[in-house]
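Using the sequences and the hints given, assemble the complete structure.
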Amino acid sequence: GENVEQHPSTLSVQEGDSAVIKCTYSDSASNYFPWYKQELGKGPQLIIDIRSNVGEKKDQRIAVTLNKTAKHFSLHITETQPEDSAVYFCAATSNQAGTALIFGKGTTLSVSS
Amino acid sequence: DSGVTQTPKHLITATGQRVTLRCSPRSGDLSVYWYQQSLDQGLQFLIQYYNGEERAKGNILERFSAQQFPDLHSELNLSSLELGDSALYFCASSVGGSGGASGELFFGEGSRLTVL
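Protein chains in written order, with this note's numbering: chain A, 1 to 113; chain B, 1 to 116.
Since the hints were made in silico from the structure, they are not lab data. Hints are not guaranteed to be accurate.
Derived DSBU-like pairs: lysine-lysine, alpha-carbon spacing no greater than 35 Å straight-line [what the hints assert, rightly or not]: (1) A/22 / B/57; (2) A/37 / B/57; (3) B/9 / B/57; (4) A/58 / B/57; (5) B/9 / A/42; (6) B/57 / A/42; (7) A/58 / A/105.
This is the structure:
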């Protein structure tokens with residue numbers, strides 16, 4: 001089955017800096033790679049996703065890149081703000097029967113002002 | 001508000017006991033997923049149901065079982081509880097059934113289980 005590794009586990013940046021979180025996956029059949037943000041006391045919420053036919057996707061201050069050959073994908077947050085502080089999860093899945101969204105262990109991002 | 005409702009929010013029980021966690025998906029969503037979140041293991045996939053049928057299974061213990069009812073709500077039953085079962089249990093829902101590849105998963109706020 002799919003296995004997703006995520007690094008780093010914690011990341012501290014100054015407000016205005018960029019933050020990068022990296023993930024690798026094991027199943028070459030995976031074709032959907034979402035990122036979820038979990039704020040304290042809440043459930044995870046989708047912030048951006050990318051499919052295997054796309055190499056990069058941007059949405060305002062966040063961007064994701066995907067390298068299918070190397071089986072890794074990354075989340076980039078620019079101009080970080082204190083409200084970006086949260087736990088971020090990467091995930092991967094395919095649309096094959098019997099598969100489900102498999103998450104990395106999460107990155108706790110702290111943005112200090 | 002994701003539209004996914006989980007009850008109870010908090011539950012404290014003793015080892016060896018049995019508990020039931022309940023989830024109501026967003027209106028119109030046919031899939032329900034259960035995830036276990038612990039400090040060192042992140043979000044672990046347990047099981048998925050789609051329109052009443054089991055669709056995918058993760059590392060769910062034999063002591064745990066789930067079902068999805070005709071009204072699409074789901075219940076996760078945890079029995080013979082052990083200290084290590086203490087965790088936050090999340091339910092999520094989606095419109096499609098292809099393990100999340102067909103669209104966004106909407107998570108509830110979780111049920112925190114403490115086993116003493």
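Each hint, compared with the structure:
1. A/22 / B/57: Holds, at roughly 26 Å.
2. A/37 / B/57: Status holds; Cα separation ~24 Å.
3. B/9 / B/57: Holds, because 24 Å separates the two Cα atoms, which is no more than 35 Å.
4. A/58 / B/57: holds (33 Å)
5. B/9 / A/42: holds (11 Å)
6. B/57 / A/42: holds (24 Å)
7. A/58 / A/105: Holds, because 23 Å separates the two Cα atoms, which is no more than 35 Å.
In the structure shown, no violation is registered for any of the earlier numbered hints.
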